[in-house]
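Trainee: Sequence:
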Amino acid sequence: MQTHSMPTASASSAHALHALGKKRVSERAKRILDICIAAQKSGARDLTGREIQARYELQYGGRIDSGTVSARLRELQLADRLVRLPDRLCLISGLKVSPVRVLDEQMGLTA
Numbered sequence: 015m016q017t018h019s020m021p022t023a024s025a026s027s028a029h030a031l032h033a034l035g036k037k038r039v040s041e042r043a044k045r046i047l048d049i050c051i052a053a054q055k056s057g058a059r060d061l062t063g064r065e066i067q068a069r070y071e072l073q074y075g076g077r078i079d080s081g082t083v084s085a086r087l088r089e090l091q092l093a094d095r096l097v098r099l100p101d102r103l104c105l106i107s108g109l110k111v112s113p114v115r116v117l118d119e120q121m122g123l124t125a
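Offset between the sequence shown (1-based) and the working numbering: plus 14.
Because the hints were derived from the structure by calculation, they are not lab data.
Treat the hints with caution; some may be incorrect.
[To be verified] Subject to a maximum C-alpha distance of 30 Å in a straight line, what follows is the list of computed DSSO-like cross-link-like pairs (lysine-lysine):
| id | residue 1 | residue 2 |
| --- | --- | --- |
| 1 | LYS55 | LYS110 |
| 2 | LYS55 | LYS44 |
| 3 | LYS44 | LYS110 |
[What the hints assert, rightly or not] Now the in silico label distances, taken between C-beta atoms and shown as ranges:
| id | residue 1 | residue 2 | range |
| --- | --- | --- | --- |
| 4 | LEU105 | GLU41 | 18 to 24 Å |
| 5 | GLY75 | ASP118 | 16 to 22 Å |
| 6 | SER40 | GLY108 | 32 to 38 Å |
| 7 | ARG88 | ASP118 | 26 to 32 Å |
| 8 | ALA58 | GLY108 | 26 to 32 Å |
| 9 | SER107 | GLU71 | 14 to 20 Å |
| 10 | ALA68 | LEU103 | 24 to 30 Å |
| 11 | LYS44 | ARG98 | 27 to 33 Å |
| 12 | LEU103 | GLY75 | 27 to 33 Å |
| 13 | GLY108 | GLU41 | 31 to 37 Å |
| 14 | SER40 | LEU103 | 31 to 37 Å |
Using N, Cα and C, we set each Cβ at its ideal position, and we do this for glycine too.
Please model the entire structure based on the sequences and the hints provided.
Mentor: So this is what it looks like as C-alpha cells:
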C-alpha cells in the first residue's frame, strides 16, 4: 500500500520560491525595503507585516500574499537590512504584532 504524505510548509515555500525566481524575489524584497524606509522617513517608528502588505498593495496596485511579505521580511532580516523588534500590542486591534524596523545604516540607500 502506498501512502502519500502532505508536503511540509517549508517544502511548499521552497518550491514557491524556486518557481518565483530569484530576480522577482529580489525585486519584491527591494520594494518592501523601500516601503519601510519611506515609512520611517515619514515618521513611522516601525511597521508590521500587515501594514507593509497594505502599503505594498496600494503603492504597486496588486495583491501580495502575507506569506510572501513574511518571507521577504525574513530575507531582509538575514541580510541585515531589517531588524525584528520585540512584540507589541497593535494600537488598533489590540492583538500582539511583531514589527520590523530598517537598520539606521540602511536608511540612506533608497526611498
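Trainee: Quick check: does the Cβ-Cβ distance between LEU103 and GLY75 fall within 27 to 33 Å?
Mentor: 31 Å, holds
Trainee: If you check the beta carbons of ALA58 and GLY108, does the distance land in 26 to 32 Å?
Mentor: 19 Å, violated
Trainee: At the C-beta level, are SER40 and LEU103 separated by a distance inside 31 to 37 Å?
Mentor: 33 Å, holds
Trainee: Is the distance from the Cβ of LEU105 to the Cβ of GLU41 consistent with 18 to 24 Å?
Mentor: Violated: the Cβ-Cβ distance is about 31 Å, outside 18 to 24 Å.
Trainee: Does the Cβ distance between SER40 and GLY108 fall inside 32 to 38 Å?
Mentor: 36 Å, holds
Trainee: Are GLY108 and GLU41 spaced within 31 to 37 Å by their CB atoms?
Mentor: Since the Cβ atoms of GLY108 and GLU41 sit about 35 Å apart, the hinted range of 31 to 37 Å holds.
Trainee: Starting from LYS55, check that the Cα of LYS110 is at most 30 Å away, please.
Mentor: With a Cα-Cα distance of about 24 Å, the restraint between LYS55 and LYS110 holds, given a limit of 30 Å.
Trainee: Lying within 16 to 22 Å: is that true of the beta-carbon distance GLY75 to ASP118?
Mentor: 31 Å, violated
Trainee: Going straight from one Cα to the other, do LYS55 and LYS44 come out at no more than 30 Å?
Mentor: 16 Å, holds
Trainee: Mind checking the hinted window 27 to 33 Å against the Cβ distance between LYS44 and ARG98?
Mentor: Between LYS44 and ARG98, where Cβ atoms are some 19 Å apart, the hint is violated.
Trainee: Hint says 24 to 30 Å; check whether the CB-CB distance for ALA68 and LEU103 agrees.
Mentor: The hint (24 to 30 Å, Cβ to Cβ) is violated, given that ALA68 and LEU103 are roughly 19 Å apart.
Trainee: Falls inside 14 to 20 Å, the C-beta gap from SER107 to GLU71?
Mentor: With a Cβ separation near 18 Å, SER107 and GLU71 satisfy 14 to 20 Å, so the hint holds.
This entry does not satisfy hints 4, 5, 7, 8, 10, 11, going by the numbered hints stated previously.
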